[in-house]
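Protein chains in written order, with this note's numbering: chain A, 1 to 222; chain B, 1001 to 1116.
Read the hints as simulated data drawn from the structure, not as lab findings. All of these numbers come straight from a predicted model, not from anything done at the bench. Idealized CB from N, CA, C, for every residue including glycine. Treat each hint with caution, since some may be false.
Simulated coverage check for chain B against chain A, where a stretch passes if three residues somewhere in it have a Cβ under 8 Å from a Cβ of chain A [unchecked claim]: (1) 1010-1017; (2) 1097-1108.
Think about it this way: if two alpha-carbon atoms lie no more than 27 Å apart in a straight line, the pair counts; the simulated DSSO-like pairs of lysine-lysine are [stated by the list, open to error]: (3) B:Lys1080 - A:Lys91; (4) B:Lys1080 - A:Lys151; (5) B:Lys1068 - A:Lys151; (6) A:Lys212 - A:Lys199; (7) B:Lys1080 - A:Lys185.
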Amino acid sequence: MHLTIPIGSDIFDANRRHANKNRKLFESHGVTAINIMGAIGSGKTTLIELAIKHLGEQCRIGVIAGDVVADIDASRFKKYGVPTIARNTGKECHLDAHLVDHAIPKLPLTNLDLVFIENVGNLICPTDFELGEHKRAVIVSVSEGDDIVSKHPMIFLSSDLVIVNKVDISEFVGADPDKMVNDAKTIKPNITTLNTSAKTGDGINAWINWIKACMQDNTVKP
Amino acid sequence: MHEYSIATEIYDSAIRVAEENHATSVSAIELEIGELAMINCDQLTFCIESIVKGTLFEGAELKIAEIKAEIRCGCGYTGKAADDSMRSYLICPQCNAPAELIRGREIIIREITICT
Chain A
1 MHLTIPIGSD IFDANRRHAN KNRKLFESHG VTAINIMGAI GSGKTTLIEL
51 AIKHLGEQCR IGVIAGDVVA DIDASRFKKY GVPTIARNTG KECHLDAHLV
101 DHAIPKLPLT NLDLVFIENV GNLICPTDFE LGEHKRAVIV SVSEGDDIVS
151 KHPMIFLSSD LVIVNKVDIS EFVGADPDKM VNDAKTIKPN ITTLNTSAKT
201 GDGINAWINW IKACMQDNTV KP
Chain B
1001 MHEYSIATEI YDSAIRVAEE NHATSVSAIE LEIGELAMIN CDQLTFCIES
1051 IVKGTLFEGA ELKIAEIKAE IRCGCGYTGK AADDSMRSYL ICPQCNAPAE
1101 LIRGREIIIR EITICT
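The shape of chain A in the complex, shown without the other chains (with noise of 0.2 Å):
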């Protein structure tokens, strides 16, 4: 006998109910939490670095890194001092909520005021994963061309900010920071550009007080 039977349940369901209930603990313990998503060699880990040697002395801060194997990055933040735990997808190629919830109970958040959430490097894979976060910041760097926006817009258009980052090399690598920020901006009017250089400082403070802005914002539900 054949039986057509109703299922309509959504992929990204279970996803989603993991996520909302990351981002209910992370306010109950009033910790702010920002995903960081970007390519590989963005700059995803340095300009986290530099948030916590800016804002470590105003706040308490914690960082999961999640990468595909090894804990590189989990070691250059364990070197600050503040409370790291790595994340390995193996062969994923982005965090979810489920690896994220994993984490949240190793990490001190009755001690922590903001949470990084270093995703696995690539554009596209993390943007229909919720992890719980607050707010969203991808990262591009002039080294991957003037295109690279236009080309993968659907994570512009689920983040709150770009950072087009290593602007100091942008003319000898033949790209245009500006044209990064006018796709952005094209992409999701609406979104926050940044320009930066993690060797220069270039940017840096921006990026400081957009992070304090987006703490003070809490309430505010992604």
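Using the hints provided, position chain B relative to the given structure of chain A.
Chain B alone, transformed into the frame defined by chain A:
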């Protein structure tokens, strides 16, 4: 790039329903995928076909329908975007105010057809 893990989740969900309903085989599985979901349907089909070999789902017809993106605005508008540019998914075509994307990013298992 994550089609294999999505295919695995689809299979896990569907096999649970098939077993609960005492299926001896599955003849069809119907999916609905949002046009803005970060998934490639050809790759997904290939992954599902690979996973189901030797299972109740082997030989099942895989049907995939597209879910068109839909936006909603405070002015009362609910419907399609003005065009298929990314920007248009965030702007109400009626009043130009910021709109919310409410459909088009899902991956839904609509139904399965089983033999008992």
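Structure-based check of each hint:
no.: 1; hint: 1010-1017; result: holds (count 4)
no.: 2; hint: 1097-1108; result: holds (count 6)
no.: 3; hint: B:Lys1080 - A:Lys91; result: violated (36 Å)
no.: 4; hint: B:Lys1080 - A:Lys151; result: holds (23 Å)
no.: 5; hint: B:Lys1068 - A:Lys151; result: holds (21 Å)
no.: 6; hint: A:Lys212 - A:Lys199; result: holds (22 Å)
no.: 7; hint: B:Lys1080 - A:Lys185; result: holds (21 Å)
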